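Below, each chain spelled out in residue letters.
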Amino acid sequence: MEIRLRLHWGLGRYLPDSPAKGIKLILPEKISIDELFEEHGIPAVEVGMVAVNGCLAGRDRMLNDQDDVHLYPPLEGG
Amino acid sequence: MAKIIRVDLTQKAIYSESVPDRYFMLGGRGLTSQIIFDEVDPNCDALGENNKLVIAPGLLTGTPAPSSSRLSIGAKSPLTGGIKESNAGGTVARKLAKLGIKAIILEGKPEDQFWYILKMTHSDVVILPAGDIVGLGNYETVARLQAVYGSKVGIMSIGPGGERKMGSATVAITDPEGRPCRHCGRGGLGAVMGSKGIKAVVIDDRGADDQLFSIADQDGFNEVSRTWAKALVQAKAGLTRFGTASLVNPVNIAGGLPTRNYRAGNFEGADKINGAALTEMAESRGGRTGHACSPGCVIRCSNIYHDKEGKYLTAGLEFETIVLMGSNLGIDSLDVIAALDRRCDDYGLDTMEMGNAIGVAMEAGIAAFGDGEAALNLLDEAGKGTVLGRVLAQGATVTGRVFGVHHVAAVKGQGLAGYDPRALKGTGVTYATSPMGADHTSGNLLPGRAGVDCNSPKGQIKASRDLQIMSTVIDNMGLCLFVGPLPPEMEIISQLLTKALGKLFNAEEVLEIGKGILRTELAFNRAAGLNKTDDRLPEFFRVEKLSPKGLVFDVSNKNIDQVHSGL
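For the record, the sequence lines run as chains G and E.
Going by my numbering, the first residue of the first sequence is number 1402, and it counts up by one from there.
Going by my numbering, the first residue of the second sequence is number 391, and it counts up by one from there.
To be clear, the hints were calculated from the coordinates, so they are not data collected in a lab.
On a predicted model such as this, the values are computed, not experimentally measured, just so you know.
Cβ atoms here follow ideal geometry from the backbone N, Cα and C, with glycine treated the same way.
Among the hints, a few may not be true.
Have a look at the derived ranges for each label pair, beta carbon to beta carbon [unchecked claim]:
no., chain 1, residue 1, chain 2, residue 2, range
1, E, V538, G, A1445, 53 to 63 Å
2, E, D607, G, E1439, 14 to 24 Å
3, G, G1413, E, E929, 37 to 47 Å
4, E, K698, G, D1435, 41 to 51 Å
5, G, A1421, E, Q536, 34 to 44 Å
6, E, S408, G, A1445, 45 to 55 Å
7, E, S723, G, P1417, 52 to 62 Å
8, G, E1403, E, S674, 31 to 41 Å
9, E, A621, G, E1403, 30 to 40 Å
Covered by chain E, per the in silico footprint, the following chain G stretches (three or more residues, Cβ under 8 Å) [stated by the list, open to error]:
no., segment
10, 1429-1440
11, 1460-1470
Every beta carbon over 10 Å from chain G, so not counted as near; a handful from chain E, in silico [what the hints assert, rightly or not]:
no., residue
12, P640
13, R675
14, E708
15, F759
16, A764
17, N767
18, L901
19, F930
20, R932
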């Protein structure tokens, strides 16, 4: 299956060549957010918020084909 | 030698006092709150002669510590009826530190009807007639004062909102370019300054070279500061590039973006008002992001926004303004939001309180949600001081009462700050329990903070408590909250204080400073008559499901009452 992944703010360093609008990834079926972190060397502790298709998602969320995944570090500012 | 400048407006007398030893480790919010606790009757009239306005740079202001030039202003609030501190960037805090002024206390009340300015230099402090700046907006006020005293002075001023003693009145602080666009915005402190008959305070630090906080190991302090500054530049690159508007998308995704007077948590126009949109708009017209609002800031989250003709319109367009003047009013035009921001800065009114108040007015049918022109007109009513405008400028709570609207997002009389507590439940706990009223800067549990799920009630009590303590520490130091009110930053502050004091000052002792300040503020509020029934969010947050997720605020009141227990 294929998803689009976008890493926001400082997390971009874990996919240094990805364009600003995110990168398309080919993944095996039945993969969770946590497993996606492992697969791409993204330290789970540095991720503060996960959004899938515009909604907050837990880390045990199973991904589906064409999901739009956004990862944010713990948010700051305001 | 650090000093406190006391200005008795009844007698028109000025005193320079030494700083009591017990204030040694206090600055910013810690000092304003302690002086108010020590000197102000909690039951006094907030706009009467017995209230005092206290102005203080932070403990670390004037040192090489990065982003440490915040200015705190405190008083008993005419909006909340409790103790209040509001802080801002700008140039004034550092200039006061250079003058060796640890605090200014404005007390008493002029018996005449005249307006005054206070002028401070390294050699004297004088009270002068305000003359023809009375009645002017902050921009013209500052321009005229700069024409007399020079472009390099720092200025605190009030606009018509403060002169009329409105509950949403601010104190404007000039930024490094001399514009009155940084504001101690919350709690109606501009009204307290107005009640003292002070239109502006002019600070001229030429020839001054004092230091508020003596440092035992200057080289060591400088090294910790340098290392921290480098880390902040790297870690805060997102804030530098996109400003606090970068929160629009994630808070919208979390379902907590106040929309149409808190009737929804997700705004269909979010993409038009988010960080990327703001950055593009600013840069395409000759403005910019990455602007420092105060000297020594390495995060530089501020921005300069130009109008369609490429002329300066406003600076420091922030998340809370964008949300409460934008999505909360159903407005998706950054140009309209920027124009509303400019007017608020000029009239000296809090963008958050006015965004809440206009949202309530729109709910009452005074104007339609999404009608930017109507919102601008309503703000102009406040600027002119019409009856309708004065109702709005007294804030959301008064506006709700006048128009019979109970859907008012406020705690202790102060409007919420741009995060819906049904989705950001930890921030909701802070809104309910902070001695400051509904104030996000007192402990903002943004998504991802403290390892708790912002949509769940679990873990929010401890998370809010911890963040309230650490945020108070940051406010005491004069640091910008964006350095991070979290355990790693408490450790860095402990390193700085260890170098400054020449003896070990551990992170636990740093936290004790914050706890002590909170205890003082809570004690003042209790004596002022505020109690647990004031530590409640409006009922609709518990019963009205927030679309699109159907969330309600479901942290129990029993747990909320435990937030400050054992502090």
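Going down the list of hints, with the structure as the test:
no.: 1; hint: E:V538 - G:A1445: 53 to 63 Å; in the structure: holds (59 Å)
no.: 2; hint: E:D607 - G:E1439: 14 to 24 Å; in the structure: violated (44 Å)
no.: 3; hint: G:G1413 - E:E929: 37 to 47 Å; in the structure: holds (43 Å)
no.: 4; hint: E:K698 - G:D1435: 41 to 51 Å; in the structure: holds (47 Å)
no.: 5; hint: G:A1421 - E:Q536: 34 to 44 Å; in the structure: holds (41 Å)
no.: 6; hint: E:S408 - G:A1445: 45 to 55 Å; in the structure: holds (53 Å)
no.: 7; hint: E:S723 - G:P1417: 52 to 62 Å; in the structure: violated (36 Å)
no.: 8; hint: G:E1403 - E:S674: 31 to 41 Å; in the structure: holds (34 Å)
no.: 9; hint: E:A621 - G:E1403: 30 to 40 Å; in the structure: holds (37 Å)
no.: 10; hint: 1429-1440; in the structure: violated (count 0)
no.: 11; hint: 1460-1470; in the structure: violated (count 0)
no.: 12; hint: P640; in the structure: violated (5 Å)
no.: 13; hint: R675; in the structure: holds (21 Å)
no.: 14; hint: E708; in the structure: violated (8 Å)
no.: 15; hint: F759; in the structure: holds (22 Å)
no.: 16; hint: A764; in the structure: holds (27 Å)
no.: 17; hint: N767; in the structure: holds (29 Å)
no.: 18; hint: L901; in the structure: holds (20 Å)
no.: 19; hint: F930; in the structure: holds (23 Å)
no.: 20; hint: R932; in the structure: holds (21 Å)
Comparing the model with each numbered hint stated earlier shows that hints 2, 7, 10, 11, 12 and 14 do not hold.
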